[in-house]
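Residue numbers (our numbering), protein chains in the order written: chain A, 1026 to 1421; chain B, 6 to 261.
FYI, nobody ran anything at the bench for these hints, they're computed from the structure.
As the structure is a computational prediction, the values presented were derived from the model and not from experiment.
Beta carbons are placed, not taken as given, at the ideal position from N, Cα and C, and that holds for glycine.
Don't take every hint at face value.
Pair by pair, the computed Cβ-Cβ distance ranges are [unchecked claim]:
no.	chain 1	residue 1	chain 2	residue 2	range
1	B	38	A	1365	37 to 43 Å
2	A	1365	B	23	23 to 29 Å
3	A	1280	B	185	52 to 58 Å
4	B	252	A	1400	58 to 64 Å
5	A	1335	B	56	51 to 57 Å
6	B	55	A	1045	53 to 59 Å
7	A	1335	B	86	53 to 59 Å
8	A	1400	B	56	22 to 28 Å
9	A	1335	B	148	20 to 26 Å
10	A	1280	B	209	55 to 61 Å
11	B	233	A	1343	25 to 31 Å
12	B	142	A	1343	45 to 51 Å
13	A	1343	B	74	26 to 32 Å
14	B	192	A	1045	52 to 58 Å
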Amino acid sequence: MIFTIFKKELKDTLRDRRTFMTMIVIPVLIFPIVLNLFVGVSEGYNKESATKKINIGVVASPENNVIDELKNIPSIIGDKKVIRYKDTLSLINDIRKDSLQVGIFMNENFEMHLTEKTTAPVMVYYNATEMGMKDRAEQYMTIIQENAKRKRCQELHIDEQKLTPIFSSYINVASDKEMIGKLAGGILPYIFIAFGFIGCMYPAIDLFTGEKERGTIETLLTTPVQRWQILFGKMGVVVLSGLLAATCALLGLFLSIEVFKLVEDKELLAIIHSILSPSFIFALFTLLFPLTIFFAGVMIPIAIYAKTFKEAQSIITPLNIVMVLPAMVGFFPGIKLDWITACIPVINVVLSTKELISGTLDIGLLGVSFSVMVLLAITAIFISFKQFDKETNIIQ
Amino acid sequence: MIEVTNLYKEFILSKQQQKELNTTDKKSIAVNNISFKCEPGKIFSLLGPNGAGKTTTLRMLSTIFKPTSGTIKIAGIDAIEYPQEARKKIGFLTGSTGLYARLTPNELVEYFAKLYHVKHSDLNIRKDKLFTLLDMHDFQNKRIGKLSTGMKQKVSICRTMIHDPQVIIFDEPTSGLDVITAENIIKLIKDCKSEGKTVIFSSHIMSEVDLLCDDIAIIHKGKLLYSDTMNEFKNQMITENLTTEFIHIVNSSKNN
């Protein structure tokens, strides 16, 4: 009987255009659209900042040679035009108006400092809201400083190396996979959790509040099917919808990488391939399954209690923030899966998935996370059953 | 056969409900110790003004609601002890019954047949018979949401009868329907009677009651005010017609 109800409800749900959109179409399209946008914008930005011709304003005494040095820097780091300014006030004004991107101020004693082998101060102005301008200014100033240093060493007959007693090299021992897992691994479970929730939402409202509102529940309750069987049949569809939405999001990711070729970096592609292994996907769904039941179990009692579709929607929609917001914890690199975080629902799934991506997951902590979610899922089912069994809740 | 003895139902009122009903009572009695009997091959009519307890009574008979106390026997089965078994014998149709708009009549009837454990061979015979009787073949594969009210009512009838129930419960089945659609229901009720089924129905329309009923019961504020045969009711009438007599009985109960 549960399967008969499940089959009918699934057919009914898939024929609902709104549910179909949130369950299948949007999750499939989200990754290709977001990745396409991200790749397009970042490529465009890189291209633009590399080729953008910038204006550099300089306030300095006429005998200052730095202006010539600036002009002679090859345009490999981008085209530039050096303009002489009389005062810093107009220089700052023009930077604010974006007719000038970088401003350099050297006082009248600049050449004297160089001659006397003391430190010459230089003020560099830029607008932080213009992305990449500080980097360009730093690149120019590094070249000028290195030239000045080299010249001074020659004048003093000092070997440059003697002024550098220690040279440190920093070597990262974390694998690329670990790096991606720890730094960006939170995004993947966040998207799955968000879609898992949204995927459950419309079917839960439609199959419980909707049925009550349309007056179909009364006839269903007069059939010789037990209430828990009706609940399980319907709940099965709600859970499947959530999992289907998450699966469609994964399918969208696969299409972005394998069909639309949105990731071109070969090294990154190899890392992604090694992350998205069948064992990872299996482990991910093992964690998502009780989480989706938990989501369904939270939404169903609300959907049973609500008198109208609108009322149910107005309660469940804000709940989305309460449930999905903790998933953002995964974005912070410092937060790790431990015995405490493994006991916090949603957060434990996100952190476990992160560890899973990094390949550093502790089986004991995974067991705790899974057990906590299963326990919560069972509690949620029990609450749903209690609500569904209340006759005043199910009849309008 | 339906046998109801000392049926009693009370609902616990929430604080909001107490506010809405302007009462401090924590409980509301919907049905107060009523007893009656509906026999096979007869039509039993349950009359009462709005809020009298008719729908609650019929919902208890169809096992949607569990009585606070009392007994209900449906075709000899204790409906409180064995609700699943009792439901197999019941067909339930209300005026407010909704249908699954995204399914076709065919799919809907088959779904309910499965829920009632109807054998596949029986399903095909009964479905074909009902579809022919109600002239449903032309729209059997159209989505219910796209059907007219009359067509939907035919689908409801078909759904109610697909498991060949012995007891049929009609809760204001013609409310809100036009005369032509209502006529389908009237015909169904008559057919059920001629097939020897037990029929109980509630209605506000006195002409329907006069036309169909063998036995009549009047309830008001959960209490049974009158229960006898229709002929006896007519013999005892002290006013000129059914409607005024019904009003007279209800008003008399208010004065007592």
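These are the hints, each one checked on the structure:
no.	hint	result
1	B/38 to A/1365: 37 to 43 Å	violated (58 Å)
2	A/1365 to B/23: 23 to 29 Å	violated (44 Å)
3	A/1280 to B/185: 52 to 58 Å	holds (54 Å)
4	B/252 to A/1400: 58 to 64 Å	holds (60 Å)
5	A/1335 to B/56: 51 to 57 Å	violated (26 Å)
6	B/55 to A/1045: 53 to 59 Å	violated (41 Å)
7	A/1335 to B/86: 53 to 59 Å	violated (40 Å)
8	A/1400 to B/56: 22 to 28 Å	violated (45 Å)
9	A/1335 to B/148: 20 to 26 Å	holds (24 Å)
10	A/1280 to B/209: 55 to 61 Å	holds (59 Å)
11	B/233 to A/1343: 25 to 31 Å	violated (57 Å)
12	B/142 to A/1343: 45 to 51 Å	holds (49 Å)
13	A/1343 to B/74: 26 to 32 Å	violated (42 Å)
14	B/192 to A/1045: 52 to 58 Å	violated (40 Å)
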